[in-house]
Amino acid sequence: MSDPWVSMEDDVRSTLQALVHSLAENKKLLGRRYSEWAVGGPTLEAAIALSAMTQDELGHSRVLYGLLEELRGMPATGDADWTVEGWSLSVLTRPFETWAHLVVVTVLLDSALTTLVEAATTSVFPPLQRRTRKMVEEERYHDRYGFQWLERLARHPQVRRVMAEPALQVCTEAMAWFGPPGDLAPLRATGILNADADELRDRYCRRIRSALEALDLRLEAVVVPWDRWDPAWRRLPLDD
Amino acid sequence: MPVLDHVEIYEVFARRRREEPLRHVGTVTAPNVEMARLYARVIYDEDMWDAMVVVPRAAIIPVEPRYGGSSWRSGRE
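For the protein sequence lines, the chains are S and A, in the order given. Numbering-wise, the first sequence is residues 2 to 241 according to the working numbering. Numbering-wise, the second sequence is residues -10 to 66 according to the working numbering.
Quick caveat, the hints were computed from the structure, so don't treat them as lab data. Keep in mind it's a predicted model, so treat the numbers as computed, not measured. Accuracy of the hints is not assured; some may be wrong.
Claimed, not checked - Selected chain S positions facing chain A (in silico; Cβ < 10 Å):
hint, residue
1, VAL40
2, GLY41
3, ILE49
4, ARG145
Even for Gly, the Cβ is constructed at its ideal location relative to N, Cα and C.
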């Protein structure tokens, strides 16, 4: 049987490598952001659960770096080999101001990363496929945690208002992260993912619609400014 | 109305093997059953449990008050 990586076309290979790198970096930074609240959750139980989620995200990140090593064909000498300043999504570059911000990111961004991971669980590329199953299993609890907290906080009009603005920002970034229409098509066509950018965005929208509605927001309010999208970094630039 | 309004205490029971009885492993404080299940799984993960259940403390009915029923019902440890 031929090595699936060797037989991969160059454009597919470079697209996959960039996507996995982006996923790994975002998961690493998400883990760091979670860790900042792991000792500051509103209840001891909430803090413990968040500590476990921190460990999950950092673990996923490390596993994905391992995949990058395979893709690159040489071992890394350390994290510095992978970390690129500015690679992660803008909303992860600063600590979350409040617990409500953290909940928004769990529901609207962590879930976007998981939407992509889920699309790789049927991958014809074994090194990717075998790494994603456990991630999806662990992320089920992140989903439950985030949605439960959001539902709880959103009952309060004042908190709902606090959450609305970051929710729109996070949602916009998450939708952009999948890429513009037609993006990731080579990965979809070769079976490396079971969805392209548009399909991933649709799945993500179905996943988060009820959360947005709980915040009195509508999906239609989310407009991605594609003219500002940076394809090299798979993100929208930070607002000045 | 406070943001963190209602919480309830749940008793957590688990067993390592199917033939063993469930035993009490601890408690969690949670706003609802779904969060109680999630917290129990995360906090009491020291074993590969065959089964783990949560029971609202308020649902436990003391056979007689002198068996400590009053403290269970009031939520005190």
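Starting from the hint list further up, note which numbers the structure goes against and sort them upward. 1 and 2
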